[in-house]
Amino acid sequence: MLRRSIPETGVTRRALMIGAAGLSFAFVERGFGLADAISPASAASPTTFNPWVAIAPDGLISIMSPAAEMGQGSKTSLPLILAEELDADWKDVRIVAAPPNEEIYGNPGFLGMMYTAGSATVAGYYTPMRQFGAQVRRVILDNAARKWGVAVSELRTEPSVVVHDKTGRRLSYGEIASFAVLPPTAPQINPDELKRPGQFRLIGNDVTRFELPTKVDGSARYAIDIQVPGMLYGALLTPVFPDSRAKTIDDAAARAVHGVVGIYNLPNGVGVGVVAETPWAAFTAKDALRVSWTPSPKAGAFDSEASMDRYAAISRGEISQQATLWDKAGDGTDGLETATETLTGEYRCDYAYHAQMEPLNAVASVSEDGNSVEIWCGTQSQAMAVRVAASTLGIDRSKVKFNEVLLGGGFGRRGPQDQDFLVGALLLSREVKRPIKVLWTREDDIRNGRFRPMSAHRIEAGFGKGGELTTWHHRVTTDNVSIFQDPGRYYGPFKQRDMLSLLGTELPTYSIPNRLSEHFAVDSGVRLASLRGIGFTANKFATESFVDESARKRGIDPLEFRLSLTRNAPRARAVLEAVAEMSNWRQRRPGSGYGLAYIDYSGTQIAGVAEIVMDRTSGEIRLKNFWVAIDPGVAVQPDNIVAQTEGSVVYGMGMALSEQITIKDGEIQQSNFYDYTVMRMRDLPNIEVRIVRSDGRPTGVGQMATPLVAPAIGNAVAELAGVRLRHTPMLPSRVLAALNGGARQ
Amino acid sequence: MIVHFTVNGSRAEADAPPETPLLWVLREHLKLPGTRFGCGAGLCGACMVHIDGDRAFSCQTQLSGIEGRAVTTIEGLSKDSTHPVQKAWLKEQVPQCGYCQSGQIMSAAALLKHSPHPTRDEIVDYMSAHICRCGTYPRILRAIERASREG
Ligand code: FES
Ligand code: FES
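Listed in order, the protein sequences are those of chains A and B. Every letter in the first sequence is one number past the one before it in numbering that gives the first Met the number 0, and letter 225, counting from 1, is 224. Every letter in the second sequence is one number past the one before it in numbering that gives the first Met the number 0, and letter 126, counting from 1, is 125.
Derived by calculation from the structure, the hints in this document are not laboratory data. Heads up, a few of these hints could be off.
[Said to hold, decoys possible] In silico BS3-like pairs for lysine-lysine, Cα to Cα no more than 25 Å straight-line:
#, chain 1, residue 1, chain 2, residue 2
1, B, K78, A, K90
2, B, K30, B, K78
3, A, K90, B, K90
4, A, K90, B, K86
5, B, K30, A, K400
[Claimed, not checked] According to the in silico footprint, chain B covers these stretches of chain A (three or more CB under 8 Å from chain B):
#, segment
6, 215 to 221
7, 352 to 366
8, 396 to 408
9, 648 to 658
10, 664 to 675
11, 680 to 691
Ideal Cβ placement from N, Cα and C applies to all residues, glycine included.
Model the full assembly from the supplied sequences, consistent with the hints where possible.
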C-alpha cells in the first residue's frame, strides 16, 4: 500500500541509531505486556546493540517487534528476518514488543507509521530488518576480530557463534556482548553483503509463532482478559446514528441494578456510559436505560436497499456527479470511441462487517489527578492508541503508558484513526478515578460497526479489430471510506483520493493499453472502515467477473483469455498456470461449475479456482473445492502463508455468499451471528494452496485470497448455469432471481 | 446468591445474581479468562466449557444452574497442553488470532470423549456450533482427525 511512493530513507535514518544504547528495554518488560508472555528476561544485563537488538552475556538475544499480533504472524516474522542476517540461533531469540515510538519503529513501507494493516508489515520492514541484523552481526564480528587480533575477513558465523577457522577458536554472541564496544555510527551494509536466498537458514523454514502455544492452553491474553486492582466495568449505550446525542436519559431502573456505580452522559456521541462492579451488572443496567436521541437528518434517512439503485445510476452516469480520478493508463477512455466492439457490465456489493471474534473493548486507568493514564487495548496501531489517549484526556503523549496485548482478530476494525473502542474507557475512568474495562457486547460491536462500504460498479470495455482488449473504464460509486477512517491520511498522503475504496481497480499486469478508473464518492453518513481485502474485494468482484464475462461472450476460455492479458507479466502467468494445473482446469469435470479469478494484489500474484455445485430449487451455492496459487515474493514462513491463505478464502466465502449488513432509516438491521451469518465448518470446501516460489522481496499475504473468492464463485455459476450473478453476497434469493431470467448473459 | 461447584477439580464458590452467566463468573470472579466471550447468545462457541463432562455454552448457563456440578475450562483440560487434542492442535499449528480456540478445543475434546473415532461428517456437524473468524477450519478438522488417530 503506497509502497512505491516511499523512498527508503527510513533505512538510513535508522542506520544511524546504532549506539543509541540509552534506549532502554526496561519499559516494555514491565506489566501485563506481551513481553511477559514471550519468555523471561535475562538475569544479567544485556548490551543494547541498536534499538532493535540487545544481547545478554548468557546468550539471550532480545529483538524488538513492532507488529501487532492478530493471528497473521508478523510479530514473529519480523524478528526472524532480523535474526536471519544476524545469524542468530532462533532458540536464543526472545521477542519483545516494541514501544509505540514511530520515529524508531514505524514501518518505512507504511508512511512510517506503526500500523499493522494492509498486509504491509513483512513487506515494509523486510529490507530494514535485514539491514539491522547485518549491522549487529558486523559489530559482533569486529569485536571478535579485535579480541583475537585477527582480520575480520578470517571470521565467519554459525548460529549465535563467531568462528575463526584457522585457529579453531569460537566465541558465542553472548560472550562477545559482555565486552563489546559499539561504534559511534552504524556500519554501512551494502545490499550485496546480505545473504542470498540460498543461504537462508530461518527465512523459508517454518517456526512456531511465539504466541501460538498460549492459544492452545488458554493463557493467551487479550485486552478483554486484563484485570487490574480496583478495576470496575463499563458498558456503553451508543447513539444509533453517529451524529446524534442523548436528549433525555431515564436511568432510574438502571441505577437500581445491584452493583451499579454510576451513569454518565459522555461527550461527542460516545453515548451513555454505565459503570458497575461486574460486567453483568453493567450490561443489565445498560439494557435498563431509557434514552431518547436527537435526530440525525442525514444518517437517519439512509436506506441501503433504496440507495443502491441510486449508486448504480451514478455509476451509469444517469445521475451526474463529479468523478475523482483514481488511476489512468494510456489514453484513458479515448479508445472507446474507436473500438470495434464495446461491452458493459454492472456489479454491486453490500455493506459487510468485520466480525473479529473478540468484541471491542479496552482497559484504561486514569490517574487520580487526570494527568496520566495506563491503557490496554487490542489495536492495529500502538501509536494511534497513544495519540488518542493523549488527545482525549488533554495530556501529553509521554503521560500515556501503553500495554500491548494480543488481538482477537483485527481485519481492519482495530485501525481507525479515532480508535473508537478506546475512548469510552478513557472517559469513564477519568470520571470514576478507577481503572475501567469497557466491554462491547456483540450487539454493540455490530451497532457500532464500521463497515466495508456498499458499492456500485460499471465497467465498459473496448475491443480492437483482432478482438484484443484495448480500453477499460471502471466507474465506482461508494461512500468515502478513507475520509471517515483516517482523515489524516486522506487529506495528507492520499491527496484526497479514497484509496481504501479504489485499490484494486488498477490492473497493472493486464496488457490493456488504455485504462481509467474513477470514483464517485457519496456521503451517506454510515460509519466505514477498511476490511480484510480492502477495496480489492468489491473491485475484483467487478473486474474479474467482467473479464470472465468478456471472455465467455467472445467464446474464449477464461484461462486462455487471462493468459493472453498477462502476456507481459510472467509471475502472473505462473500463478495462473499453477492453479490451472491444480484444478485440472483444462480437463474440468462436467456437472460442477469451475470459475477462475486472478489478482495482482500490491505485487503479490494470486489466482484461484472455485468448483461449485448449485441447488437450483433453493438457490444455494456450495463450494466443493477452492484451489489457490500464490506468489508473494520470498516466502518468509511458508506454512503461515498457507494458513493465512486458507483463512482468507474462508473470509472471502462469507463476503461472497452470506454476509450482508443492511440499513433502514439509518438503523443497522443485523445484531448478532443469527442474522449476520459467517462461514462455519459445514460450509468449508477442500482448500488447496500452492506457493509459487520467487525470490523478489515479500509483498504480503494476510488478505490476498479474500477478493478472489466472490468472482471465482460468480464465474463458476456463469459456467454451470449460464447466468451472471452481479451482486454480493450471492444470496440464494439472488441466485433464484438470476436463474429465473433476471440476469442472463 | 452463593453457589458452590467445582472448577478444574478445585472447590469454587461465587456470589452473584442467579441469572449471571457462568462465563462471566469464570472470567471475572474466578479469574479464568481462557474461556472467551464472543456473542453471549450461544451462536459462536467461544465460551465452551465442560459441565459434568458434557460440553456447554457458558454464556447460556446461569450460575443458579451449576450448584454442585463440575466445570472444566481450557485451563483445566490438561496441566501442560498434553491432552491429545492440544497436542494435535500444536502439530497442525491451528490457531491464528486464537480467540475462538479455547472453545474449539473444549468441543473437540468432548467430541472425542463421546466418539473416539468420529467420521468427518460427525466432526463437521459437531464443530459447526463454533465460529472461527480467522478461518482455521481446515486445520481444526485435521487436528481432530489427528487426535482421534494418535489418541
Ligand atoms: S459467547 Fe457463548 S456462544 Fe458465543
Ligand atoms: S483463530 Fe481467530 S477466530 Fe479462530
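Here's how the hints hold up against the structure:
no. : hint              : result
1   : K78(B) to K90(A)  : holds, 24 Å
2   : K30(B) to K78(B)  : holds, 17 Å
3   : K90(A) to K90(B)  : holds, 18 Å
4   : K90(A) to K86(B)  : holds, 21 Å
5   : K30(B) to K400(A) : holds, 24 Å
6   : 215 to 221        : holds (count 7)
7   : 352 to 366        : holds (count 5)
8   : 396 to 408        : holds (count 4)
9   : 648 to 658        : holds (count 3)
10  : 664 to 675        : holds (count 3)
11  : 680 to 691        : holds (count 4)
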